[in-house]
Amino acid sequence: MKFLCLQCDQVMAFAERQIPGDGTLAAVFTCPGCGHEMAMLTNPMETQLVSSLGVRIGGRTVPEQPFELTRTQLSETRPDAFAEPEPVAQTVRWDSDATERLARVPSFVRGMVKRIYADWARDNGIALITPQIMDRARAELGLEGM
Amino acid sequence: MRRFRTYHQVLHDTGSRILEQVLEQRARLERRLSPVRAVVAVLSGKGGVGKSAITANLAAALTERGARVGALDADLNGPSLARMLGVRPGPLTDGEDGVEPARGVLGIRVMSMDLLQPDEAPLRWRAPEGDGFIWRGVAETGVLREFLSDVAWGELDYLLVDVPPGTDRIARLLELVPRPGQTLLITTPAEISRFVVAKSARLLIDAGVSPIGLVANMIAHPRQGAPEPPRTAADALVDETGLPLWGAIPFDANLAERTDRGLPFVLASPEADAARALRALAERIEHEAGGRPS
Chain F
1 MKFLCLQCDQ VMAFAERQIP GDGTLAAVFT CPGCGHEMAM LTNPMETQLV SSLGVRIGGR
61 TVPEQPFELT RTQLSETRPD AFAEPEPVAQ TVRWDSDATE RLARVPSFVR GMVKRIYADW
121 ARDNGIALIT PQIMDRARAE LGLEGM
Chain Y
1 MRRFRTYHQV LHDTGSRILE QVLEQRARLE RRLSPVRAVV AVLSGKGGVG KSAITANLAA
61 ALTERGARVG ALDADLNGPS LARMLGVRPG PLTDGEDGVE PARGVLGIRV MSMDLLQPDE
121 APLRWRAPEG DGFIWRGVAE TGVLREFLSD VAWGELDYLL VDVPPGTDRI ARLLELVPRP
181 GQTLLITTPA EISRFVVAKS ARLLIDAGVS PIGLVANMIA HPRQGAPEPP RTAADALVDE
241 TGLPLWGAIP FDANLAERTD RGLPFVLASP EADAARALRA LAERIEHEAG GRPS
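Protein chains in written order, with my numbering: chain F, 1 to 146; chain Y, 1 to 294.
Please note: incorrect hints may appear among the correct ones.
What the hints assert, rightly or not - Calculated from the model, a selection of chain F residues having no Cβ within reach of chain Y, i.e. all distances over 10 Å:
(1) Q7
(2) C34
(3) H36
(4) L41
(5) D95
(6) A98
(7) D135
As the list claims (entries may be wrong) - Here are the in silico distance ranges between beta carbons for each label pair:
(8) Y:G107 x F:R115: 23 to 31 Å
(9) F:R101 x Y:D131: 28 to 36 Å
(10) F:A39 x Y:G107: 49 to 57 Å
(11) F:V28 x Y:P118: 33 to 41 Å
Stated by the list, open to error - Residues on chain Y that point at chain F, a partial pick, calculated with CB under 8 Å:
(12) R3
(13) Q9
(14) H12
(15) T14
(16) Q117
(17) E146
(18) D150
Calculated from the structure, these hints are not laboratory results. Don't be surprised by glycine CBs; every beta carbon is placed ideally from N, CA and C.
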């Protein structure tokens with residue numbers, strides 16, 4: 001879909017995305033000509049349809065992960081479906097609070113989530129992952145629902 | 001009245017690049033399947049004709065002939081292939097190249113929803129109640145896409161795909177793999193099978209899928225001394241569709257019983273008529289693929 005600013009006849013550009021609750025997806029678009037902003041709100045069914053396609057409104061900041069849809073959308077999963085990720089030579093460390101928070105992520109998606117955070121921290125020159133860093137990455141990467 | 005341009009006349013994207021995301025999904029799938037010599041779709045449209053048991057036994061028979069074989073259970077709602085190939089759920093590993101497949105009998109590479117969900121859990125999604133009919137098919141196609149493209153299948157001679165009943169499920173597979181290397185269309189001697197499988201044949205032929213081989217499962221053993229076996233609805237299907245009959249597998253109650261326990265019949269009872277017929281079918285698949293893998 002595209003949004004056209006009727007004043008400027010320009011395509012509005014994606015600016016921000018949030019999942020405020022109740023299954024709503026909010027995406028903000030801005031007109032590059034006049035700066036006019038608008039928010040698109042999807043209902044839960046529309047949000048789910050977009051998720052089921054495996055695409056992200058606003059574009060992807062990290063590549064699609066293996067089994068991303070399967071891991072994030074199944075309601076019941078085996079707790080031991082995926083082995084704990086092998087400890088690898090760490091260039092990025094996790095403080096105890098971040099480690100604790102990561103441990104609360106269901107094991108089904110933990111390996112994938114850990115890799116996404118670590119890659120993001122490395123790309124941003126961050127040596128220590130804290131809960132605050134996780135929040136930043138989550139917002140920047142659009143990891144709602146993970 | 002305002003006159004709007006069409007979507008394609010408005011050149012710029014909003015920044016979501018949805019089309020690029022979809023194209024990247026397709027490219028990933030193509031990259032993954034490029035080292036697979038032949039995707040072999042095993043389907044029917046009709047339920048209860050023995051697709052999964054045939055898939056498991058063909059996987060074993062082809063492996064015995066020296067092929068590298070993967071088996072993908074596309075039946076997300078009623079997965080059974082992993083168990084038929086002797087795989088018990090256990091942790092899968094996230095490898096560098098994707099999710100490592102489980103290993104079944106003879107080292108056959110296997111992926112199934114059975115490995116991801118608790119035994120008693122039906123296929124359900126983290127989604128609000130209601131309106132599921134709108135997105136459920138999309139989600140199932142998405143998971144099937146991930147099973148095809150995100151599993152580290154490696155180099156394979158054959159990737160057998162066990163497709164669940166329903167012509168819509170056949171269409172979903174063709175969205176992802178428009179040209180399977182080979183397609184086995186499973187039927188039985190029953191008239192009701194002919195009725196349903198004829199629809200699947202039409203779907204496949206209209207989609208330009210080739211080659212398609214009919215397989216008549218659960219046929220009666222020929223009576224000794226009988227001049228010729230009685231004509232069945234499976235023979236009528238051959239006449240009606242013009243498709244070749246690649247295999248005819250005699251009914252054997254032990255086939256399902258052994259295979260269900262995780263030991264493919266071709267390994268458990270290699271001398272049985274049904275096992276011989278399944279091995280002959282494996283040979284036909286090999287022939288269609290251009291011969292024994294080097």
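Hint check:
1. Q7: 13 Å, holds
2. C34: 16 Å, holds
3. H36: At about 14 Å from chain Y, F:H36 clears the 10 Å cut-off, so the statement holds.
4. L41: 15 Å, holds
5. D95: Consistent with the label, F:D95 stays out of reach of chain Y, its closest Cβ about 24 Å off (over 10 Å).
6. A98: 20 Å, holds
7. D135: 22 Å, holds
8. Y:G107 x F:R115: 23 to 31 Å: 28 Å, holds
9. F:R101 x Y:D131: 28 to 36 Å: 33 Å, holds
10. F:A39 x Y:G107: 49 to 57 Å: With Cβ atoms ~53 Å apart, the hint holds.
11. F:V28 x Y:P118: 33 to 41 Å: 39 Å, holds
12. R3: Cβ of Y:R3 sits 12 Å from chain F, so the hint is violated.
13. Q9: 10 Å, violated
14. H12: 4 Å, holds
15. T14: Hint holds; Y:T14 Cβ to chain F Cβ min 5 Å, cut 8 Å.
16. Q117: 6 Å, holds
17. E146: Given a least distance of 5 Å, the restraint on Y:E146 holds.
18. D150: 4 Å, holds
Checked against the numbered hints given earlier, the structure breaks hints 12, 13 and satisfies all the rest.
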